[in-house]
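Asker: The residues making up each chain are set out below.
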Amino acid sequence: MDDEKLLDIRGLYTQYDTDDDVVYAVNNLSLSLSKGRTLGLVGETGAGKTTTCLSILRLLPDKIGKITAGEIYFDGKNLIDLHEEDMRQIRGNDIAMIFQDPLSSLNPVYTVGMQIGEALKYHGIYKNEKEIDKRVEEMLELVGLPKERKNDYPHQFSGGMKQRVVIAMALACEPKLLLADEPTTALDVTIQAQVLKLMNDLKEHLNTSMILVTHDLGIVAETCEDVAVMYAGSIIEKGSAEDIFNGENHHPYTVGLFASIPNLKVKTRRLKPIDGLMPDPANLPKGCTFSPRCPHCMDICKTEEPPCVMMGGEHMIKCHLFTSK
Amino acid sequence: MSDLIYTEGLKKYFKTPSGMLHAVDDINLRIPEGKTLGVVGESGCGKSTLGRTIIRLINATEGKVYFEGQDINTFDKKQLKHFRKEAQMIFQDPYSSINPRMSVAQIIAEPMIVCKTEKDSKAREHKVKELMDIVGLAPRFYNAYPHELDGGRRQRIGVARALALNPKFIVCDEPVSALDVSIQAQILNLLMDLQEERNLAYMFITHDLSVVKHISQRIMVMYLGECIEQSETDELYENPLHPYTKALLDAIPIPEIGAKKQQNIIKGEVKSPIDPAPGCRFAPRCPYAKPECLEGKIREIEVSPNHKVSCVLYY
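Top to bottom, those sequences are chains L and B.
Here the first sequence stands for residues 1 to 325, where the numbers follow our numbering.
Here the second sequence stands for residues 1001 to 1315, where the numbers follow our numbering.
Derived by calculation from the structure, the hints in this document are not laboratory data.
The structure presented is a predicted model; accordingly, all values stated were derived computationally and were not measured.
Among the hints, a few may not be true.
Said to hold, decoys possible - Lysine-lysine pairs mimicking DSSO-like chemistry, simulated, CA-CA at most 27 Å apart:
| no. | chain 1 | residue 1 | chain 2 | residue 2 |
| --- | --- | --- | --- | --- |
| 1 | L | K147 | B | K1267 |
| 2 | B | K1078 | B | K1011 |
| 3 | L | K267 | B | K1246 |
| 4 | L | K265 | B | K1246 |
| 5 | B | K1168 | B | K1116 |
| 6 | L | K265 | B | K1064 |
| 7 | B | K1035 | L | K265 |
| 8 | B | K1267 | L | K203 |
| 9 | B | K1127 | L | K147 |
| 10 | B | K1246 | B | K1064 |
| 11 | B | K1035 | B | K1119 |
| 12 | B | K1267 | L | K197 |
| 13 | B | K1035 | B | K1015 |
| 14 | L | K176 | L | K130 |
| 15 | B | K1246 | L | K197 |
| 16 | B | K1078 | L | K197 |
| 17 | B | K1290 | L | K272 |
| 18 | B | K1308 | B | K1116 |
| 19 | L | K5 | L | K197 |
| 20 | L | K267 | B | K1308 |
Said to hold, decoys possible - Coverage of chain L stretches by chain B, computed from C-beta distances (three or more under 8 Å per stretch; other residues unrestricted):
| no. | region |
| --- | --- |
| 21 | 218-232 |
| 22 | 259-266 |
All C-beta atoms in this analysis are idealised placements derived from N, C-alpha and C, irrespective of residue type, glycine included.
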């Protein structure tokens, strides 16, 4: 394994067993992330972005969600083989997660200071209360909140401030990997700009690697070095931000995604959305999962799963269109 | 071109235990027939309250709303019922704005039953099918229930329901913000096609500045209940005047690499709309704030024809 790689996911399959169906949320997903890099994981609702993050942390809902195949190497260890006890040492300490909704990821009956300090106490990084207290104050100031507010409860903060608290919680143990699941979706644009800038600054300051899950291509362009586009549980295109935004060849889904966003600079009379809907993950189409919506669909697409075609450098497209080239 | 709807000093205050909440404060706007006014602002700035007040879902505290030249706040029951046919609303959340216990056909037919426009059930059924066809819902969903449909299709029900009475004016309150981008584009195209076919006027409420640019001819920017800038769409994006509008435009992430480097991120957050201090409400966050900003009400300046801004920088 490459030393540089902090996270290396190989052939991951995750499914949810519900009463009626088996939902195939993540299918044959391979992904790697080097130290200090930011990867943007892009896709629409139900593409499996959050499930991927939860699989990494092994936080899938008990009994329902399970990883059926694949390996997740983090810092050389396969997380899937780890005991629950060892996994607990990693969660919050080496890998931290920022959840989408800041309102529901804070406990309303504890002060924010206690919640930031919890991980520090649990992981035994600081031994006495005083040290923890000092670190909590440090973290609050780092995310731009006055340290006096550590004794306040979540309801006394606005949405943007709560998200800052959540970021402080995630970064308190200086994790090597930060999973940010739509960290700014619940925020207004001006606040979003503040939070993104803060995350970027902190990432550089602490040299943390980050997976940023989002559906907003604008955020990806501003913050990520690498990009992976997800559709129906697999990565259909990945590469450097340069490849995805300026490259010549793209997966038809990526093309459709870009054509769906109204452009601020170019005036278009009509948008060109992708026809149809994302397939039901309990009933995925055969062959390429995008084939029913694809404007370039060929016969082979309906029967065979497309291979991952390397387009030069790190740029990968999973599509039959590029196999001949 | 005549204005279908216009307001004069429209205000809506709510009484709260800690004082008066100024949700909508002194708004003057006009929407011509067949055109779209985009209303932009951050959460809590009074966009939705304005949308509701303008079609009298809630009564205004002060000020007037004229629809086809008549003040809607003086309407009696009968006139109001007629007005309801002319002005409709599409709601933000396609999950909570439709009744889960009614079928698609029942939901779309309900306005016609309430307003007694189609009394014959056969004719009504025909009309429902026609509407479903217009908004792009397959006939097989006629007897389906909302939970069987995804967000995009549910929002199509919302659009069909709003069209059922052939209105002239529709308030669209963040109709696409709960949808994925590819579905969002489908709904935006649908709304624009309908406008062209039926000469509809829209008031399009959103926080997404790229969406509003795409759909509107004219845009109004709101901050804490007040209109701070109003202009034709292209003019607003090429030549934003108010510091808040500039900051808002700067804050949009652009899906291009290296699209912008110098960023003026405004500090702080929106202040409370309860009993706001006199003067400019944006002043506490404004990089150009001066002592004059806090002295009394800020006048609206018409900088160029049809471009109005409320800021002391342009006095």
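Asker: All hints, please: hold or fail.
Answerer: Here is how each hint holds up against the structure:
1. A threshold of 27 Å between alpha carbons decides the hint, and for K147(L) with K1267(B) the separation of about 18 Å falls inside it, so the pair holds.
2. Restraint check for K1078(B) and K1011(B): the C-alpha separation of about 25 Å stays at or below 27 Å, so the hint holds.
3. Our distance criterion of 27 Å between C-alpha atoms is met by K267(L) and K1246(B), whose separation comes to about 20 Å.
4. Under the criterion of a C-alpha separation no larger than 27 Å, the hint pairing K265(L) with K1246(B) is consistent with the structure, at around 16 Å.
5. Between the alpha carbons of K1168(B) and K1116(B) the distance comes to roughly 18 Å, so the proposed pair stays at or under 27 Å and holds.
6. Between K265(L) and K1064(B) the CA atoms are separated by roughly 37 Å; this puts the pair beyond 27 Å, and the hint is violated.
7. Among the hinted pairs, K1035(B) with K265(L) is consistent with the structure: their alpha-carbon atoms are about 22 Å apart, no more than 27 Å.
8. The straight-line distance between the Cα atoms of K1267(B) and K203(L) is roughly 20 Å, inside the 27 Å bound, and the hint therefore holds.
9. Taking the CA atoms of K1127(B) and K147(L), the gap is about 62 Å. The hint is violated against a cut of 27 Å.
10. This hinted pair does not check out: K1246(B) and K1064(B) have alpha carbons roughly 30 Å apart, beyond 27 Å.
11. At most 27 Å may separate the alpha-carbon atoms for a hinted pair to count; K1035(B) and K1119(B) exceed this at roughly 32 Å.
12. With a C-alpha separation of about 12 Å, the suggested pairing of K1267(B) with K197(L) holds against the 27 Å cut-off.
13. Among the hinted pairs, K1035(B) with K1015(B) is inconsistent with the structure: their alpha-carbon atoms are about 34 Å apart, more than 27 Å.
14. The suggested pairing of K176(L) with K130(L) holds, with an alpha-carbon distance near 25 Å, which does not exceed 27 Å.
15. Under the criterion of a C-alpha separation no larger than 27 Å, the hint pairing K1246(B) with K197(L) is consistent with the structure, at around 18 Å.
16. About 55 Å separates the Cα atoms of K1078(B) and K197(L), which puts this hinted pair outside 27 Å; it is violated.
17. A C-alpha spacing of about 46 Å is found between K1290(B) and K272(L), which places the hinted pair above 27 Å, so the restraint is violated.
18. Between K1308(B) and K1116(B), the direct Cα distance comes to roughly 43 Å. Violation of the 27 Å bound is thereby established for this hinted pair.
19. With a C-alpha separation of about 25 Å, the suggested pair K5(L) and K197(L) falls inside the 27 Å cut-off, and the hint holds.
20. Between K267(L) and K1308(B) the alpha-carbon distance is near 24 Å, which keeps this suggested pair within the 27 Å criterion.
21. Residue count for the region 218-232 of chain L with a Cβ under 8 Å from a Cβ of chain B: 5. That meets the three needed, and the coverage hint holds.
22. Look at the region 259-266 of chain L against chain B: 6 of its residues bring a Cβ nearer than 8 Å to a Cβ of that chain, three or more, so the hint holds.
Going down the numbered hints, you'll see the structure goes against 6, 9, 10, 11, 13, 16, 17 and 18, while the others check out.
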